[in-house]
Amino acid sequence: MPVKSTGQAIAEALALAMDRDENVFLAGEGIGTSIHVNPHLPTFGLLERFGPRRVRDTPVSEAAIAGLAVGASCMGLRPVVEIMFFPFITLASDMLVNHAAKLRYLSGGLSAFPLTVRVKSGVFSAGCQHSHHLEAWLAHAPGLKVAYPSNPADAKGLLLSAIFDPDPVVVVEDMPLYWSIHGEVPEGDARVPLGQARVAREGGDATLATYGGAVHVALAAAEALAAEGVSLEVIDLRSLVPLDTAAVFASVRKTGRFLALHDATRFCGFGAELCATVAEACFGELTSPPCRIAAPDIPVPFTPAQEAFYKPSADQVTQAVRRMVRG
Amino acid sequence: MQRQPLDRDQRIALLADMLLIRAFEERIVQMAHEKGRLPGMQITCMGQEAVAAGVVRALAPDDVVVTNHRSHGHLLARGVDPGALMAEIMGKQDGLNRGKSGTLHLADPSRNVLMTSTVVGAAPPLAVGAAFAQHYRGEANATCVFFGDGAAAEGSVHEAMNLAAVWRLPVLFVCESNCWAGAQAHKEHCPIGEIARRAGSYAMPGVMADGNAVEQVHDAARDLLGHVRAGRGPALLECHTYRMRGHGEHDPQHYVDKAELALWAERDPIALHAEALRRAGLLEPDAAERLRQIATAAVDAAVAFADASPYPPAAEALDHLYVNPLPPLAKEG
Ligand SMILES: Cc1ncc(C[n+]2csc(CCOP(=O)(O)OP(=O)(O)O)c2C)c(N)n1
Ligand SMILES: [Mg+2]
Numbered sequence: 001m002p003v004k005s006t007g008q009a010i011a012e013a014l015a016l017a018m019d020r021d022e023n024v025f026l027a028g029e030g031i032g033t034s035i036h037v038n039p040h041l042p043t044f045g046l047l048e049r050f051g052p053r054r055v056r057d058t059p060v061s062e063a064a065i066a067g068l069a070v071g072a073s074c075m076g077l078r079p080v081v082e083i084m085f086f087p088f089i090t091l092a093s094d095m096l097v098n099h100a101a102k103l104r105y106l107s108g109g110l111s112a113f114p115l116t117v118r119v120k121s122g123v124f125s126a127g128c129q130h131s132h133h134l135e136a137w138l139a140h141a142p143g144l145k146v147a148y149p150s151n152p153a154d155a156k157g158l159l160l161s162a163i164f165d166p167d168p169v170v171v172v173e174d175m176p177l178y179w180s181i182h183g184e185v186p187e188g189d190a191r192v193p194l195g196q197a198r199v200a201r202e203g204g205d206a207t208l209a210t211y212g213g214a215v216h217v218a219l220a221a222a223e224a225l226a227a228e229g230v231s232l233e234v235i236d237l238r239s240l241v242p243l244d245t246a247a248v249f250a251s252v253r254k255t256g257r258f259l260a261l262h263d264a265t266r267f268c269g270f271g272a273e274l275c276a277t278v279a280e281a282c283f284g285e286l287t288s289p290p291c292r293i294a295a296p297d298i299p300v301p302f303t304p305a306q307e308a309f310y311k312p313s314a315d316q317v318t319q320a321v322r323r324m325v326r327g
Numbered sequence: 001m002q003r004q005p006l007d008r009d010q011r012i013a014l015l016a017d018m019l020l021i022r023a024f025e026e027r028i029v030q031m032a033h034e035k036g037r038l039p040g041m042q043i044t045c046m047g048q049e050a051v052a053a054g055v056v057r058a059l060a061p062d063d064v065v066v067t068n069h070r071s072h073g074h075l076l077a078r079g080v081d082p083g084a085l086m087a088e089i090m091g092k093q094d095g096l097n098r099g100k101s102g103t104l105h106l107a108d109p110s111r112n113v114l115m116t117s118t119v120v121g122a123a124p125p126l127a128v129g130a131a132f133a134q135h136y137r138g139e140a141n142a143t144c145v146f147f148g149d150g151a152a153a154e155g156s157v158h159e160a161m162n163l164a165a166v167w168r169l170p171v172l173f174v175c176e177s178n179c180w181a182g183a184q185a186h187k188e189h190c191p192i193g194e195i196a197r198r199a200g201s202y203a204m205p206g207v208m209a210d211g212n213a214v215e216q217v218h219d220a221a222r223d224l225l226g227h228v229r230a231g232r233g234p235a236l237l238e239c240h241t242y243r244m245r246g247h248g249e250h251d252p253q254h255y256v257d258k259a260e261l262a263l264w265a266e267r268d269p270i271a272l273h274a275e276a277l278r279r280a281g282l283l284e285p286d287a288a289e290r291l292r293q294i295a296t297a298a299v300d301a302a303v304a305f306a307d308a309s310p311y312p313p314a315a316e317a318l319d320h321l322y323v324n325p326l327p328p329l330a331k332e333g
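Residue numbers (our numbering), protein chains in the order written: chain A, 1 to 327; chain B, 1 to 333.
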């Protein structure tokens, strides 16, 4: 299997979807002509390949971009729109939360909105108006689906599933993975179904569920713990909505311990949902209380040491697991 | 409206402001390419100095400034301490905002630089709020908001202008129309071409100025501020200029026509103004060079100050979120 960067894998999914289905088009800010010359950016080269009819640079207008996706999808197109950075999804949120998520329901099932929003996440020294992990917001809006890949094969496979899914899907792309994480990527239309978690590392002492870039933090922690004889099972959720609770429960029933990890802040973060779900379903099998490892409840700080302070680390994970396993 | 002609000192002050901004931004550009020197992306207003100097010098000290991601010039023209600004850009403890802002979200309330938003199109509604407060209290001051031509495509800018107009709020909307929004050329996002012409749809005055001609910018700003201060509602000033660098220093400008760039380089706002002063007999042959040296020395001092400042402690990340911090959550067990 060819090895690709995460960004290249996403680009491959976009190109494949456009090749397969004339109804697929792309729109967003700087997705055609970009300030960047970087082959690891997912939209790199797509304007040249598919032309300006299908690869649309928009003005700086997030509400219109999201509205475009809602309206065009209701007409039977399959829009794939990009919101440049996660905090700017707030500008698109009326169209996503009040419209994409609700209009099918309001139509009594008459309409469908097969749209995809790609949004770039990550912490990259630009401060909190460029970095804010809002996935729990999105997951809290019934009617939206939310995928959050951690590696090239999943980034490609989940995006393909999102594009051909009949419902609105937001795919959160951890931008630093575009160039930092390379991996084998199956060729062709290799979809990864939404709602199917993956055991990223097997283990028997505790279960940790996470998604996106945090998967790599969890894996580093699992490696360090293994050296101490503690075996951590890491579950990469891949999508938050739908959520593969079966995979999580099966693992928790094996280990008796549960941790949730994410780069988003702790209070009302997605980890709260995970811990509650696990506590409800596996209460009797848990040998210790579920535990959240998350960012502190502050905006993403700018200055480097504070930025590092914000981001949950492998050290925090190993400490939490040790506390849990050793009592 | 009768406006006082500028005297020699005022005209030279405009030059000095632009030289300081230029020297500061040149240093940012230089340091941006020294590995590990500055955290994050570096966005400068190189080439747009006349807008900052011309508009800000037209403001009174009590007027309020709200700005965007390309704000260094606005702050420096406002008299913000270059050392504190540089330290902030470096993320240092003695920075304007104790390293919480970095280059993108600067605020200096002591100079009435009320706030900055790097969310494109957010500054105009924020400015409407500031102007409302001025109006509500019956103050004679105005709020000046800077935004880009690209930002004018955000719905928030329309809402802000409309509300300011129906409520006759004292806002001077200043569009820095620098021919680009990221890699997107002006005509790709602005069907009317001139954003100033949109003023008509809010029944407010709209003026297009040559953004590289500092006195023209300054005069237009003074005239429009006269209108705003007279309680006649907001006004829109569009300054036609050019972004001489990439969007930020991470942008190699590969999509920019080099001939166009060269044409604008010919119209450098500092050279144009220095030449005008020389022709008017107001600038001795070596005076511009002396002013440039003063600006460079100020920037040297700013860098030295910033370098000497420590980084704020990591745990200070938890501070400054609330005026009245939340009580700690009870711990289990
Ligand atoms: C809401 C939002 N969308 C996108 C961006 C990313 N972005 C930052 S600056 C910029 C271009 C802005 O162009 P313009 O308003 O003309 O200002 P200029 O950079 O030219 O000064 C974009 C798209 C952003 N910061 N905020
Ligand atoms: Mg612009």
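None of these hints come from the bench; they were simulated from the model. It cannot be assumed that every hint is accurate.
[Unchecked claim] Calculated cross-link-like contacts (lysine-lysine; reagent style BS3-like; alpha-carbon spacing at most 25 angstroms): (1) B:Lys187 x A:Lys311; (2) A:Lys311 x B:Lys35; (3) B:Lys258 x B:Lys187.
Right, here's what the structure says about each hint:
The hinted pair formed by B:Lys187 and A:Lys311 fails the criterion: a straight-line CA distance of about 41 angstroms is larger than 25 angstroms. A distance of roughly 23 angstroms separates the Cα atoms of A:Lys311 and B:Lys35; the hinted pair therefore holds under the 25 angstroms criterion. Simply put, B:Lys258 and B:Lys187 have alpha-carbon atoms about 18 angstroms apart, close enough for the 25 angstroms limit, and the pair holds.
Checked against the numbered hints given earlier, the structure breaks only hint 1 and satisfies all the rest.
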